[in-house]
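Novice: Protein chains in written order, with this note's numbering: chain F, -2 to 233; chain Z, 131 to 303; chain L, 1080 to 1297; chain W, 30 to 68.
Keep in mind the hints are simulated off the structure, nothing from the lab. These numbers come from a predicted model, not from an experiment. Please note: incorrect hints may appear among the correct ones.
Heads up, incomplete: computed chain L residues facing chain F, CB under 7 Å, no partners named [as the list claims (entries may be wrong)]:
hint : residue
1    : V1230
2    : V1279
3    : P1293
Covered by chain F, per the in silico footprint, the following chain L stretches (three or more residues, Cβ under 8 Å) [unchecked claim]:
hint : stretch
4    : 1246 to 1252
5    : 1267 to 1278
Pairwise CB distance ranges (calculated) [to be verified]:
hint : chain 1 : residue 1 : chain 2 : residue 2 : range
6    : F       : I4        : L       : A1112     : 51 to 57 Å
7    : L       : R1264     : F       : V154      : 17 to 23 Å
8    : L       : V1115     : F       : L208      : 46 to 52 Å
9    : F       : R123      : L       : T1124     : 43 to 49 Å
10   : F       : R0        : L       : A1211     : 55 to 61 Å
11   : W       : R63       : Z       : V301      : 43 to 49 Å
C-beta atoms are modelled at their ideal positions from N, C-alpha and C, and glycine is treated no differently.
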Amino acid sequence: MIRPLEIAAGLMLATALVLGLVVPPDAVQGDLQRIMYVHVPSAWLAYLSFAATLVAGVAYLKTRRMRWDHIAGASAEVGVLFTGLALVTGSIWGKPVWGVWWTWDARLVLTAVMFFVYLGYLALRRSFDDPETRARRAAVYGIVAVAQIPLVHFSVVWWRGLHQPPTLLRPGDPQIDGPLLAALLAAVFAFTVVYAALVSRRAEIARLEDLLAAPSADETVAGSGVSAPPIVRDTR
Amino acid sequence: MLGLLRVMATLLRPASGTGTVLGARLATPEVESIRPRIGFVAHDPALAPHLTLAENLYLVAALAGATRVAADRALADVGLAGAARRRVVHCSNGMRRRAEFARMLLIGPSLLLLDEAHVGLDPEAFRLVAHVVAEVTGRGGAAVLVSHERERAAAMIERAVEVRDGTLAEVAP
Amino acid sequence: MIRHVTTLFVAHLRDERRAGEVMLVIVPFGTVALLVVPMAVGIDTPLLDRIGPGMFWVVLLLFGTIVTQRQSASLGESRRDMLTLLGVDPAVRFVAAALAAALLLTVFAVVIGAVTFVLYDPEVVDPGWLAAIVPLTCAGIAMVGTIAGNVAGGLGTRSSLAPLLVVPIAVPILLAGAQATEGLRMGLGILRWILLLSVVDIVLALAGVLTARPLEES
Amino acid sequence: MTDWGWVGLAFAVVYGTLIGYVAVLVRRTARLSRNREGR
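Taking the hints into account, I'd like the entire structure generated from these sequences.
Specialist: What follows is the structure, given as structure tokens:
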């Protein structure tokens, strides 16, 4: 059963794909600039998904409802996917333009650092089998990690400086306009809807997996989580 | 059985239902005021491996606001006066278990929770369990002893409760 | 409260002095790392002079993380329960552990600093500033490491997972330390790196204290 | 490699990965709901 959100996401993705290929090439960079239509949305989602993981983590710690933990985990997994894509497309853009796969551009470095923070977060989540412990520990690390992101940003920017041409990673840059801007915004919007659809589906999977793993009510396991046993008077 | 003991020790939040320990409602901030009155001896002893038995007890004394003299006396009471300077890593399991009993004597809890405390103890050490329990109940406190060997503990039990597939059933002691 | 911190702090240090894991295992390991680098990059002295300080900071971060994950830092579950029942606040446990780690890291830094000086013969940098930069970076690494240790507490994979949790978010600490020393060498202003380091340490101290309690509930 | 070659590569990587990930999610959902009925 495919949800309406997923149909919308599919259609918008298709439109963004077509738009990205048919709009006229950039006056300066030619067709290469089209890579922006996949790179910029991915980079944007790298940040968005991390923010969502933070918010969901805080919400879990407040409400203790597993729903939030599932969203936090799902958003991190989808987030690491887009962060990886942002890095790959960044390299694919860099090779023809600068002749190198990797440039120490402040934003690429920041994206790479976030990529590894995500990997740490996901590795942490996989290490726990008790959902409660996993949710709590992941939420705490998520908060600490995201609290560091602005500091990472400052340190990298001070170190490398922002002397990169703004069109490389800045969405909606004044230098591109008209149809090119429309294609870029369409792509960013489409990818965001795709992100939402993927996260909701992945969170659903996480919920099912937790249900499957949890011992059902009648299978009590002595020594681990103890369900509240009624006191029964039984004098033998 | 560790789960239920840890709930009673206010260390594990009950998944559902409520209860009170020493007058404090579980899973509420109230428990923090009664925690110092709870003594909990779990399976593996709460001892720093590289510190000596005495140093471990002095640490507990410092945190619980007791004196070093009291710590030495507690060690002597459990027959570890001679081994006080020995590092935990060089002590036998029996000696580590006795050090745990010394810790209980030192902090003098109102609620004593012993999880399989006498498993694998020689008879002489088993008498220590009775001694520690008596010390707590003597002061009007309560002791909860979890064990598979009911007969051995029978002497010091007033009430017994059995766990059968998740249900607690009170049985004759 | 302060008494609890000092009591636990002293216990951590005595535990470590007895175990000797930092001085007899991690410090030698850090020294070996500094020894093998020239084998890889060549022993062209001007090059070594250039990369010396950088190697110092990398070894301090990577092996410093191992210092925070040392055995005597990880209290077993029963010892954590004992401290909880004794009324020791989880935040106090964090502060004591982080302080102990910071002190051990500073000692570690001084030793590998000396080793770097001997092996790489870098240009002498104003020790006055270093005396401020090194402890600040050690405090930062200590706090991130202690938080990561608590987050990954009780896991068999802790010693490999914790470094992955620490290093990416410790980038500002590494950059501040390395760029500050670079600034000293080139006579550039380093105040902003010292400022960044202080902000990072404050944020981490707050994060450590505030997350201590949620981490501890089971 | 021509400009269009690079563009094609970037699009293929991004859209290919997304479709691949959707396929993984669909397969996992199917396997999970089958397990839940089976219990």
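Novice: Against each hint, give a clear statement of whether it holds in the structure.
Specialist: Hint by hint, here is what the structure shows:
The closest approach between the C-beta of L/V1230 and any C-beta of chain F is roughly 5 Å, which is under the 7 Å cut-off, so the hint is satisfied. Interface restraint check: L/V1279 against chain F, minimum CB-CB distance 5 Å, threshold 7 Å, status holds. Using the Cβ-Cβ criterion of 7 Å, the hint placing L/P1293 at the interface with chain F is satisfied: the shortest such distance is roughly 6 Å. Only when three residues or more bring their CB closer than 8 Å to a CB of chain F does the claim for the stretch 1246 to 1252 of chain L stand; here the count is 5, and the claim holds.
Proximity of the stretch 1267 to 1278 of chain L to chain F, defined as three or more residues with a beta carbon under 8 Å from a beta carbon of that chain, is established by the 4 residues found. Here the CB-CB span from F/I4 to L/A1112 is close to 55 Å, well matched to the stated 51 to 57 Å. Judged by the Cβ atoms, the range 17 to 23 Å given for L/R1264 and F/V154 holds: they are separated by roughly 22 Å. Between L/V1115 and F/L208, the C-beta spacing of about 50 Å keeps the proposed range 46 to 52 Å intact.
In this structure, F/R123 and L/T1124 meet the distance hint of 43 to 49 Å, their C-beta atoms being roughly 46 Å apart. Distance hint check: the CB atoms of F/R0 and L/A1211 are about 57 Å apart, consistent with the given range 55 to 61 Å. Evaluation of the 43 to 49 Å hint for W/R63 and Z/V301 yields a pass: the beta carbon distance comes to about 45 Å.
Taken one by one, the earlier hints all hold for this structure without exception.
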